Amino acid sequence: MEKEMIVSSSGSDVEVALIENGRLVEIHKQKATDQFMVGDVFIGKVKRVSAPMNAAFVDIGHKKDAFLHYTDLGPRVRSLQKWYRGAASKKQKTARLGDFQMEKEIVKTGKIDEVLKRKDTVITQVLKEPISTKGPRLSCEITIPGRYIVITPFNQTVAVSKKISTTEERKRLLVLVESIRPQNFGVIVRTAAEGKGVGDLLEEIELLMAKWEEIYEAAQTAQAPAKLLSEVDKTTGLLRDLLTPDFTKIVVDDKALYESARKYVTDISGPQRAGIVQLHKSNKPIFDVNGVTKQIKSSFGKTATLPSGAYVVIEHTEAMHTIDVNSGNKMPSQNQAEAVFKVNSECAEEIARQLRLRDIGGIIVIDFIDMRDAEHRKQLLAIMRKAMKNDRAQHTVLGLSKFGLMQITRQRVRPEVKITTAEKCPTCGGTGKVNATLLLTDDIERDLNFIMESRPKAKLKLKVHPFIAAYLKRGMPSTQMKWYLKYYRWLNIVQDSDFPITTFKFYDGDDEEIKLK
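Residue 362 in our numbering sits at position 373 of the sequence shown, and the numbers go up by one each step.
Simulated from the structure, these hints should not be mistaken for laboratory data. It is possible that some hints are incorrect.
Unchecked claim - FRET-style restraints, in silico, Cβ to Cβ:
id, residue 1, residue 2, range
1, Gln209, Asp277, 24 to 32 Å
2, Lys378, Thr311, 22 to 30 Å
3, Tyr473, Val27, 46 to 54 Å
4, Met465, Met(-10), 41 to 49 Å
5, Lys238, Leu163, 30 to 38 Å
6, Met42, Lys367, 40 to 48 Å
7, Gln212, Met(-10), 45 to 53 Å
8, Lys471, Arg161, 31 to 39 Å
9, Gln172, Gln209, 17 to 25 Å
10, Phe456, Lys375, 38 to 46 Å
11, Ser219, Tyr473, 49 to 57 Å
Stated by the list, open to error - Derived pair list, reagent style DSS-like, types lysine-lysine, alpha-carbon separation capped at 30 Å:
id, residue 1, residue 2
12, Lys450, Lys475
13, Lys108, Lys200
14, Lys475, Lys283
15, Lys273, Lys291
16, Lys252, Lys273
17, Lys200, Lys270
18, Lys97, Lys152
19, Lys152, Lys200
20, Lys375, Lys391
21, Lys100, Lys216
22, Lys18, Lys53
23, Lys185, Lys152
24, Lys331, Lys273
25, Lys452, Lys286
26, Lys378, Lys367
27, Lys34, Lys20
28, Lys494, Lys283
29, Lys80, Lys108
30, Lys238, Lys(-8)
31, Lys53, Lys(-8)
32, Lys378, Lys291
Remember, predicted model here, so these are calculated numbers, not experimental data. Cβ coordinates follow ideal geometry from the N, Cα and C atoms, glycine included.
Given only the sequences and the hints, what does the whole structure look like? Please build it.
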């Protein structure tokens, strides 16, 4: 699989697009005003303790108090609190925990008012960003992630990723990390550590310990609410989590970000890989040049249409997200069962991409086209699970119910990505909305492809608005000529000023409209 990352910088705001095999699969936005990102560490003040909810509401500086449930305190929260009090009073002379006397762990079934009281100060980490009317969700189990490992203070556990291929390699890493980990720090070994030596892992442990030192230094003087440690920027964070040998290109339009990304790739993968980082120098927007803008326009909105003509309709409610699968108007009449399975399979792969692209979390219910064949239903479940294999968010895919419904639960850690793709209607001047004109040629070609297959010898004429006709005939080769070279049949394009700009119709040799129903 080929992967590309396109980074667009506008002032202090950054947009990152991740592309796999030419298709947009993730888009991330980081604004200068984003102050509560997942992974940020805060010192907060407890505003309220709710016994019925077994949770506390903590002021970390957001307009809404953050939510801290008892189960997110972690068993070693008393040790964390003791360490913070020592740092704030200057009695804790070092960030290191070698001589630190650990406190007794709390029980899993305890009550939060046994641990926290109103006006207590507490070190927390953002688990989920603010979503809708809810404030951030917090945890007291601090984790500091790197490329190869994650360190967890006040812990003794060493865990190795199950995705590492062989038992021998997992055992090697377990023994290696156990020998070099700092005292009273747990370590999680990530998949990227496979094949790495002691030098690489020791170097990263020191880098992560330096971040723990930052928390210690800030905790000595900070007054709640205050941020103690910021998560890295989106670009570096994605590189840290995603950079693999199959990354072929990283394009950045900002010089400072370019240097930062190039240094990171060099540090992680060596100077021979630094060349995959490229600086965008064109005056045209980086997303336009790399085809991201067009994919954004075609992928967002209520409906997502596939090349075959099938489409999915995505709806949102407070309780769940619903997705309806439709075959469109071009399903072949022969072998209906196979045709339905093909449409459902194609839509399953698109739905997996849409969930990841829009970062949809919570409960998702998908209404597939009914299938009676038990084998087809089984295969569809396997296709959906395989399509979601590259999704980094935790998720569960359940099999089809007897009503043809599939349920997916997907971890939600940040607000859903919402991008408006509709444009002002040129006829009414903005009181209505129309689909993006950038996508009109895709719609025309989708119908043209179906007509070429179903009417292989018919003469064809396309009637469109004059602006669209000029666009299709522009350039060398023009879009009209490209279609001729693709289908070996000439399409006559006729302009009609009475047509709305996004309307088009096909006619046969007898000037009869070809209606696709």
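task: Identify every previously stated hint that the structure contradicts and give their numbers, smallest first.
output: Of the numbered hints, 1, 4, 8, 17, 24, 31 do not hold.
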